[in-house]
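Visitor: Letter by letter, the chains look like this.
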Amino acid sequence: MPRKHKKNTILVVDDEENIREMLRRHFLFINYDVFVAKNGRDALDLMSEKKIDIIISDIKMPVMDGIQLLREARKGFPMTHTIMITGYVTMDNVLACMRLGADACIFKPMEDISELEKAVKHAATHIRQWETTLKTLLEMKPIA
Amino acid sequence: MNEIASKILIVDDDLLSLKIIEKALTNSKHVCMTVNNSNEAISAAKAFKPDLFILDYLMPGINGVMLCRELKKNILFKNTPMIFITMLRDTEQKLEAFNAGAVDFISKPINAKEVGIRVKTHLELARTRKELEEYAADMENLARERVEQLIHADRLITLGVISAGIVHDVKNPATFISGNVQTIEMFWNTLKPAINMSGANSEKLRFIKKEMPSTLTEIMDGVDRIKGIVERLKAFYKKGYYEKVPCLLSGCLENALTLCRKVLKDNIVIKQELKDENVMVIADHRQIEQVLVNIFLNTADALKKNREPIMHIRLYKDLEYGCINISDNGLGISDENLKKIWEPFFTTKGKEDGTGLGLFIAKSIIEEHTGTIMAGNQKQGGAFFNICLPLENQHAKKT
Chain E
5 MPRKHKKNTI LVVDDEENIR EMLRRHFLFI NYDVFVAKNG RDALDLMSEK KIDIIISDIK
65 MPVMDGIQLL REARKGFPMT HTIMITGYVT MDNVLACMRL GADACIFKPM EDISELEKAV
125 KHAATHIRQW ETTLKTLLEM KPIA
Chain X
25 MNEIASKILI VDDDLLSLKI IEKALTNSKH VCMTVNNSNE AISAAKAFKP DLFILDYLMP
85 GINGVMLCRE LKKNILFKNT PMIFITMLRD TEQKLEAFNA GAVDFISKPI NAKEVGIRVK
145 THLELARTRK ELEEYAADME NLARERVEQL IHADRLITLG VISAGIVHDV KNPATFISGN
205 VQTIEMFWNT LKPAINMSGA NSEKLRFIKK EMPSTLTEIM DGVDRIKGIV ERLKAFYKKG
265 YYEKVPCLLS GCLENALTLC RKVLKDNIVI KQELKDENVM VIADHRQIEQ VLVNIFLNTA
325 DALKKNREPI MHIRLYKDLE YGCINISDNG LGISDENLKK IWEPFFTTKG KEDGTGLGLF
385 IAKSIIEEHT GTIMAGNQKQ GGAFFNICLP LENQHAKKT
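Sequences listed follow chains E and X, in order.
Per the working numbering, the first sequence starts with residue 5, numbered consecutively.
Per the working numbering, the second sequence starts with residue 25, numbered consecutively.
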């Protein structure tokens, strides 16, 4: 019997409202729970209250930018996946994302949102595998 | 040095003096005219237009100084040297003559050699002065040219800065437009079966079901085109990477026409002559479509007031090139504008309608493809644009 999966949670971080709305609408429709934040600081505040599986974040934002958010998320929420989307296509940005362990770095304007969908799905699968492993461990009988 | 003989007008009531001076000066370098009374001197001067005057100081009626003053009022003689003949040693009178515009004196009795030398000197001085004035004028023109070049260069830099700004600003809107379109596609895939199941079947619903996919596709094409323009603008501040591959020229034409469908409207008759439908050129199809769209838009604009607007499109092969010729039956392009249309910021439309960048960008694109683009007027009236791009096999041979 197929188990009903708990929905994965996505946090969309971008200073442009239209981008947040577009992504929120799209991923809600394909069965994710979606939260939004307009900069890195707000994102971290939200993450301390809600469990976030995947972050989709822009790089250039006021108050706290995406790279800084990535750094903080690595430290405070190591299990959270991050996918960076950015209009600033520079070597520095891409290298920083790589070094800080982002799952992917996608450039704006996006050719096709399915590229982002795939990255999110990949992250969700990864999380689910670990959840399955943990669950299996909890169900295992203690060795006498 | 001076091949043209200098003209000298001599005014003296003393006929003997006139003869002596004339004889002293007449040679291959000088042409002399003599006038023996000051009344006729002015009209003679206007007709003869001398390069130098020799005026007697003492003359009945209008004397030398008065004559000199009168002549100097004429713009023709503003800088013409005037030499006085005088036997007066009176310094006062000499000063008066200098004030009136005299540059030198020849004293009586007249020494032929002295006359010759003084005339020669003053003619040379006058000539040098003229050359200096011409040189100054040339320098001014050069300065003006340089300023224009600097302004042009500055505009290009500004264009680069503006382009960078546009490229940046357009990215987000392009992103959420295409993202939202794909969301709508998903919504539609849910809605469509629901509509079908509901049994609702009005004419309007049938129309919607038929048109929805192409409507969405065309929005995406528009976004693609915007992205193409953005890519092209990047050229102004950094070298971009363009995908030049063999592409079907008629395909580019079709796409461009589709994109312009609404603007070209129903009243413009489009006649297509595709001599070689299978012409393959080496090009980045998006950029070529952008160029074609630009020309179509310009053509539509030119035909706005035309009662029976016709646009003629010809596709043909010409030696190593695949070419498209677009012509109209509008008013044509003025000779003055023919050179300017390719310049950045040149537009005949109002400031709101024309950025003036379209043809400038179009030319850059075509030249970057090692093709040619030109515009002109047809014999039968109307303007034409001609674009040629390197053919596929030719390019392969070259590389």
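The hints are simulated quantities; they were obtained by calculation from the structure and are not laboratory data.
Treat the hints loosely; a few may be bogus.
Unchecked claim - Derived lysine-lysine pairs resembling DSS-like cross-links, with alpha carbons at most 27 angstroms apart:
1) X:K251 x E:K122
2) X:K299 x E:K64
3) X:K216 x X:K295
4) X:K233 x E:K42
5) X:K299 x X:K341
6) X:K289 x X:K233
7) X:K328 x E:K122
8) E:K125 x X:K216
9) X:K299 x X:K329
10) X:K403 x X:K364
11) X:K295 x X:K233
12) E:K79 x E:K145
Visitor: Does the alpha-carbon distance linking K289 of chain X and K233 of chain X stay inside the 27 angstroms limit?
Guide: holds (24 angstroms)
Visitor: Regarding the pair K299 of chain X and K64 of chain E, is the alpha-carbon distance no greater than 27 angstroms?
Guide: Between K299 of chain X and K64 of chain E the Cα gap is close to 52 angstroms, so the pair fails against 27 angstroms, i.e. violated.
Visitor: Given the hinted pair K328 of chain X and K122 of chain E, is their alpha-carbon gap at most 27 angstroms?
Guide: violated (48 angstroms)
Visitor: Mind checking the alpha carbons of K79 of chain E and K145 of chain E for me, to see if they're no more than 27 angstroms apart?
Guide: violated (33 angstroms)
Visitor: Please verify whether K125 of chain E and K216 of chain X have alpha carbons no more than 27 angstroms apart.
Guide: holds (26 angstroms)
Visitor: For the pair supplied as a hint, K251 of chain X and K122 of chain E, confirm whether the alpha-carbon distance does not exceed 27 angstroms.
Guide: holds (23 angstroms)
Visitor: Would you check the hint for K403 of chain X and K364 of chain X, treating anything up to 27 angstroms between C-alpha atoms as holding?
Guide: holds (21 angstroms)
Visitor: Between the alpha carbons of K216 of chain X and K295 of chain X, is the straight-line distance 27 angstroms or under?
Guide: With a Cα-Cα distance of about 38 angstroms, the restraint between K216 of chain X and K295 of chain X is violated, given a limit of 27 angstroms.
Visitor: Straight-line Cα separation of K233 of chain X and K42 of chain E no greater than 27 angstroms?
Guide: Distance of about 37 angstroms is beyond 27 angstroms: violated.
Visitor: Please work out if K299 of chain X and K329 of chain X have their alpha carbons no farther apart than 27 angstroms.
Guide: violated (30 angstroms)
Visitor: Given the hint that K295 of chain X pairs with K233 of chain X, does the C-alpha gap stay at or below 27 angstroms?
Guide: violated (32 angstroms)
Visitor: Measure nothing beyond the straight line between the CA atoms of K299 of chain X and K341 of chain X; if it is 27 angstroms or shorter, mark the hint as holding.
Guide: With a Cα-Cα distance of about 8 angstroms, the restraint between K299 of chain X and K341 of chain X holds, given a limit of 27 angstroms.
Going through the hint list in order, the structure does not satisfy hints 2, 3, 4, 7, 9, 11 and 12.
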